[in-house]
Amino acid sequence: MLELATKPDQLIDMRGVCRSFPKASGGDLLVLDRVDLTIRPGEIIGLLGRSGSGKSTLLRIIAGLISPSSGQAQCRGEAIKGPPQGIAMVFQSFALFPWLTVLENVEFGLEAKGVDRAGRRKRALAAIDLIGLDGFESAYPKELSGGMRQRVGFARALVVHPDLLLMDEPFSALDVLTAETLRTDIIDLWIEGRLPIKSVLMVTHNIEEAVLMCDRILVLSSSPGRISTEIKVTLSHPRNRLDPSFRQLVDTIYANMTQKAEPPLASLEGIPGSGVGMVLNHVSTNLLAGLIEAVAAEPYNGHADLPDLAGQLQLEADEIFHLGESLQLLRLAQLSEGDLTLTDAGRKFANLDTDARKRLFAEHLVTYVPLISLIRRVLDERPSHTAPAARFRNELEDYMSEEYADETIHTVISWGRYAELFSYDEQAERFSLENPQ
Amino acid sequence: MVFHKISPPAVGRAFLPNIFDLAALILVIGALVLFVYGAQETTAPIAALDLVPVSLDPANLPEYALRTILRMLAALVFSLLFTLVYATLAAKSRRAEMVLIPILDILQSVPILGFLTFTVIFFMGLFPGRVLGAELAAVFAIFTSQAWNMTFSFYQSLRSVPKDLEEAAQSFHLSGWQRFWRLDVPFGMPGLVWNTMMSMSGGWFFVVASEAITVGDTTVTLPGIGAYVALAIKEQNLAAVGYALLAMLLVILLYDQLLFRPVVAWVDKFRFEQTASASAPTSWVLDLFRRTKALRVLTRACRRELSALTAIRLPLPKLPSWPRRDGSPSRIVDALWLALILAATAYASWLTADYISATLSWDEAWRVTKLGFVTLARVIVLMILATLIWVPIGVWIGLRPKVAERVQPLAQFLAAFPANIAFPVIVVLIVRYGLNANIWLSPLMILGTQWYILFNVIAGASAFPSDLKEAAQSFHVKGWRWWRNVILPGIFPYYVTGAITASGGSWNASIVAEVASWGDAKLSAAGLGAYIAQATEAGDFPKVVLGIVVMCIFVTLFNRILWRPLYAYGERRFRLG
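Quick note, the sequences are listed as chains V and Y, same order. Residues 663 to 1099 (the working numbering) are what the first sequence spells out, left to right. Residues 332 to 908 (the working numbering) are what the second sequence spells out, left to right.
Bear in mind the hints are in silico, worked out from the structure with no lab data behind them. Heads up, some of the hints might be wrong.
Derived CB-CB ranges, DEER-like [as the list claims (entries may be wrong)]:
| # | chain 1 | residue 1 | chain 2 | residue 2 | range |
| --- | --- | --- | --- | --- | --- |
| 1 | V | 1092 | Y | 888 | 27 to 37 Å |
| 2 | Y | 666 | V | 1087 | 32 to 42 Å |
| 3 | V | 847 | Y | 807 | 48 to 58 Å |
Taking lysine-lysine pairs in the DSSO-like style, the calculated list, with each CA pair at most 27 Å apart, reads [as the list claims (entries may be wrong)]:
| # | chain 1 | residue 1 | chain 2 | residue 2 |
| --- | --- | --- | --- | --- |
| 4 | Y | 494 | V | 685 |
| 5 | Y | 423 | V | 775 |
| 6 | Y | 874 | V | 804 |
| 7 | V | 775 | V | 743 |
| 8 | Y | 423 | V | 784 |
| 9 | Y | 423 | V | 743 |
| 10 | V | 775 | Y | 809 |
| 11 | Y | 600 | V | 743 |
| 12 | V | 804 | Y | 701 |
Computed far set for chain V versus chain Y, every beta-carbon distance over 12 Å [stated by the list, open to error]:
| # | residue |
| --- | --- |
| 13 | 749 |
| 14 | 755 |
| 15 | 767 |
| 16 | 799 |
| 17 | 893 |
| 18 | 1092 |
Quick caveat: nothing in here was measured; it's all calculated off a predicted structure. No residue lacks a Cβ here, since even glycine has one placed at the ideal position from N, Cα and C.
Chain Y extracted, bound-state conformation (with noise of 0.2 Å):
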């Protein structure tokens, strides 16, 4: 069984310079200002529409599971067109990169949650009265939540091209298309993989969440899971929340076996490195295509095929042909691209100050503050609370092989699913025992993540060194010792891997999680997830703007503060071999 590790992008780079963090997180708020601007200009289609409504009968479901099914495909296509387009644009030019990455570390952090309102708005605008508008809306929602981390791999990968192969394509005059398809593509390939199926497990999240949206007056649904559950809820029906349960357990079961598993086996040869590792992972649907010969003639064509494509010898630019750090580079085109920066951003600042400030004061944006604080709180304690329950556990599985073998895909499994579809569940009980809803719906919020705590956990001490275990064993170490001085350090990193996503999810859970409804009960917890939510439902903009504003600041402030010292603290200390 392979574990891999990979670092989360939130931290994975160098630190750069806080001038152009900051330019990008203005450059990003501005152009969700102007989105805003697009989305309101709009408004009057949406309410003339009458999209086709979903019904709770659960001869629905398949359909309704593969309309969810190919939205996600959908996204998962752009998704890659971005990265492949995006990553390469920033780590071949270093003036592209001086802003791509920084806008980049922001996008990653926005709470796209609450901006899905003016998707849904600007989309159907631009197609008015069909719902391809809003399943556009619903596949934008779905390229957010996994563009970012996929872009990050790549990028890191293409500027770790190891120099030799570079190199080599240089003297064999490989032209700038080819050597991409063949050098930078085939290498960034297994982390690119890996962190796509982590985006997925991310995707599913926000389809459920976006295929149900209610802006001011206006509902909008899209026939799929997310919707069926969004009616199940307003009907009080447990029994079809059980079902749409079943469909999306054997929705991400389909995807994992028939996508993923075969991809990722196949990717597994693109891996960098010399020694052929111990246990290669494998797919039965891979091995399928590789050995029934039917199949394997039309996946030769296909290759044969593309290979004649990525050979082509397309005029594209031509890349400098001497490396960079050879010519020094012209001071008078970096000045005026940095002025041009600071001129965008001065323009984007002021664009939103003005947006803001001609509705709301300096006591809401206070407000807000506090409530951040809130939301604050309830992460800090959550993943305190799901570190002391979950890594004890992880421990204790990862040290026996058998039990991770079994575990570890569960795991996995329930980091994928969408944990918003389960929370009818926890709100009945909240609802029938009147609990506070203050407290009660805060597990929500981790409800999700807290999965990937666990499974970076278990990899941790899976792979923590038997013959450390032995020496520990022969000293005689035991008890409080054992944890602080042998097992806790071995598995830092993977924890701080594990505790990073899962807070960051935690964050954007918030808006779902911090306001429930059962049929005609409603649940709010003081938060800024229930502020951005309530001035979504209202349709007051300006509110969800500060909002998005007040978490991505707090977001990023807490991926810089803690998060990223930990991890390079764990990298430097605690990495083993």
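If we strip away everything but chain V, and leave its shape as in the complex, we get (with noise of 0.2 Å):
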């Protein structure tokens, strides 16, 4: 099954890849930067990043599903023009086709490759076997549970025997229970070489799962998406997560992924993430309000580290950033190496009532978000304390996608309400000082 290619040792070789999509407001948004990766036959590769780090897009590249605005991206020596072949690719949401019994989803990307009927059986139901899935091969995928959904898509994926499988977050739409036995047979077969193919790529912004099953794990910063770090693990298999070194690796990827989140500098020109253009994931206060208190009470007394209180609190690794980064940003906490301490705000906060938390929030978004502190000049400076959500929209887009630029305008939203800043109607999607008698 082994075929020489040109480069025996690099499947997949990417020099200097750059990736940018267009902006609402025209001119391009950067998603991914000079970004350099090799991949070598024999090992599971992890692209670990937050969400909008451009990981995805960087797996589509490979896919041959979007192509490099520009830099080289190589598989087994040939530019990538459209899905190569030997590369398979196993998705977040199973990508099963509900038409299909999970026999006929399997062999579907035999039969493309022009397999004939016997053939296509054989191999199907070998894959079926492997995966844990015998029994099944008549059901459609709306009676199976997701765990079995997600085997279907990696019986689908590993029938057509490809070279490199690419993972795009394949655990994170199941429970915890389900993922956990899901990785840890994906991993027993790949120990036993029972899978058909010799690399792995698996995207993620689970920090434990990466250690738990990479032997390389890059980490992508931010905006634009870079690979900041890259990590060895060489615990052997099977890892244990309670394991010290494990608990220790854990941590300095914890700490390398918070150590960037430095409070925004002041407003350079277009670039995001700074002044009026910045992002602000929405993140709910009630959480907000509920991480301060976790933090403030007892184990923690004011300083928690990042993983214990992801662990504590039943968070992924991603929810705690982004809680993180709004505290941080309305100065109630402060993150530095994969802690989090409250500030003396954050400590006052915790001990308010309803009204008095609601004055200290508005006090702090009006002078750290500035965002919100335009919205509050425009309507007080306007006669009729009114103004159209479009204005400061159009604004945002100069320096973010329509995505981003939806979501944040959401999550000013939501902040200003609870602050009571200002009011919304979203009928007339209009902001406004008045409220409702």
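Two chains, two frames, some hints: make the complex.
Structure representation (structure tokens):
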């Protein structure tokens, strides 16, 4: 099954790959910036990054689903133009065809390759057997649980015997227990050498998952996505989450990923992430208040280790980063080296009643979130004390994509409403100062 | 029991730039005028035509019913072919989409009943001296009543294929042909089947109307239920009308049980949802095919051949391998394309203006517009009346699952029933009691379409969440407050869906409803429908074109100004869950 390619030790070779998407207001938004990446046979590589770090974009460039804006992407020495042969993908959402049975879904990729009926059946049954789906051959996807569906996704990808298996957050749509079982099963098969593949590239935002499964972890920084660190994992399989060296590695990566999240710099022209053009991730005020209370209370007393906190509160790394950064932005907490420390204002917030909390929150919003102070200023200046959301959305779209502009506006509305800074009429899409009587 | 709800094509898509709508309107009308030219050239042969006479003997009815059914089937096949090609073209090519979709939008508001005359003459000119021409014209009429909303539904499905499935198909190297049959068609199937079923309901109306047509002094009759009814009217035979009603009833029942039930039950597996629905539609015919050994072997053989056909790697023109937004589209080609559209539009408008202005004056146009307002008033009053009657009844039924289960199929059946077969019964009453035609002919317009309101309201009330019902109860919300704050907002989106279909159907029905006859007694009400019908009978083509253009504009504006905003409002504010 081993074919000799021109460069036998390089499945994928990417040099200086950039990718940008057009912004709503014209111009381009850089998502991936000069990424170099080499994938050799026999390794599991993890692409770890926050949402919006462009890790899915990178995966899709390798899969041949989108093209790089500049730079070179090669698969076995040939430039990638459209999906290359020998690469198969497992999707976060499973992407199974609901009108095909399990067997038909698995045969799907073989059929397109032109494998005859008997050969198709034989290989599909072998893949179904390997992945532990026996007995489910004639079931339709909607009859299966999430875990079983993703097994079909794996079988469908494995049956074409790809050199490289791409996995796009394959476990993140599953519940904790199911995900863990499936991870262990895949790793066991990999170690036993029973998977008909040479390498795996996995995209994830789950730090522990990356440490558990990968030989090499590439950490992507956000906007624009760059490979900031490469970490080799030399722990032997099966890995134990409670092993001190495992914990050490997780801590290091947490620290690595929070290090860059310093408070936004003074506005540099056209750079997203600062000034009015700052992307605000939508985080509910209830969660923010809850997190402050949790950190203020025993056993943390105002200072918490992020991996530990995430484990306690059952939050994903990504969620806790968003929360931590929002608190940092509002100067209610400080985020550094994988730790979250409440500021004085944060400690005070924890002990206030609802109305006083709202007042403190409002004060910090106006001082530290430029977009909110802008909205307040515009509303105060206008005689009607109203302003259409489109006015601010247009301004945001100079800095970010339409999706991020929407999320930022959404965030501002929900924070502003909580702080009673302004009200918003969803029908008319207008901000105003008046509250319903 | 499963209540499907589909968005009517008149509203179910984003608002497009108005310039294209206008261009489309003009293009469609221009095409109609060309049609008329062609038709006039070939008027001669029909006069010589001698078609099979229809007899009122009930023994002939089974044969007539069969002919009617076959016409329906033929139109269905053409509609499906048209849908697959047209919708795919519109969905896959941005430039084609710019023109095709606004044209489709206008086409569905063209009152095709008024245009029947030209199509008859046109098709008969193609096959002079043979029945085939008239048959084709009838099939074409049914086609025009079905194809548009099927195409819209399939186009919308194609545009909303989930991205992950697209990526899966792409990364497994499916060819364009394979992808079409493996992904696009299955994904669009449930919507397409449901819309086909709704189209068929409308189709019966047209098949009946198209089997007996009078143009000038020529009458063309095709053996079928519609022609049978027309003859019964001429001979004032009420018993024969009764027989025809019965035959139609049976035909629709058979179609439902033998064709649509099985297909709807089968198509359930294509519904794109990740959880199994609690109650799937069932069909005894489908069960028969699935559980009987001999039949199963038969279907398996068919399936194998079909799947082999769809798996061929046809060397179709390759779609761009990167998604559209990547490359900026070539500006020059765009500009050329736009210029071409504008030129065609200019030519079409010149052609139409030239044709109509040769014989008609502005006064005439003004008169027709006024008639349009009369018909509009009729539609509005009737819609209000139907709403006042059917909404309370529908809510009452919908909140009682046991009753709804029995009434719902009946309401759907009544919506499918071609009301024009029942017209004579009412006309007889008007003639006998000397009632005012201007008032009493009006209800005929909504006779067949009011059921859409009823069954949509029933569906809405049935789907109303029981926790909201209980909440209203425990807060003692009763009487008018209950209607205003609880149930009416709950059923609003469903009501609008039904009302749009009903109002569109009423416009079309006005052409056959505003003029009626019983033997020698001729009744007519003032209105746009009557204007078109009378111009048709007199063979006055410019007047027919003018009437159609005005009705087209009325229907389009009515949809844009009233229904679309209402629908969008309902979807935004009152959509539950």
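To see whether the hints hold, each was checked on the structure:
no.: 1; hint: 1092(V) / 888(Y): 27 to 37 Å; verdict: holds, 29 Å
no.: 2; hint: 666(Y) / 1087(V): 32 to 42 Å; verdict: holds, 41 Å
no.: 3; hint: 847(V) / 807(Y): 48 to 58 Å; verdict: holds, 56 Å
no.: 4; hint: 494(Y) / 685(V); verdict: holds, 20 Å
no.: 5; hint: 423(Y) / 775(V); verdict: holds, 24 Å
no.: 6; hint: 874(Y) / 804(V); verdict: violated, 57 Å
no.: 7; hint: 775(V) / 743(V); verdict: holds, 18 Å
no.: 8; hint: 423(Y) / 784(V); verdict: violated, 36 Å
no.: 9; hint: 423(Y) / 743(V); verdict: holds, 21 Å
no.: 10; hint: 775(V) / 809(Y); verdict: violated, 64 Å
no.: 11; hint: 600(Y) / 743(V); verdict: violated, 35 Å
no.: 12; hint: 804(V) / 701(Y); verdict: violated, 56 Å
no.: 13; hint: 749; verdict: violated, 7 Å
no.: 14; hint: 755; verdict: violated, 5 Å
no.: 15; hint: 767; verdict: violated, 10 Å
no.: 16; hint: 799; verdict: holds, 16 Å
no.: 17; hint: 893; verdict: holds, 28 Å
no.: 18; hint: 1092; verdict: holds, 16 Å
Hints 6, 8, 10, 11, 12, 13, 14 and 15, counting from the list given before, are not met by this structure.
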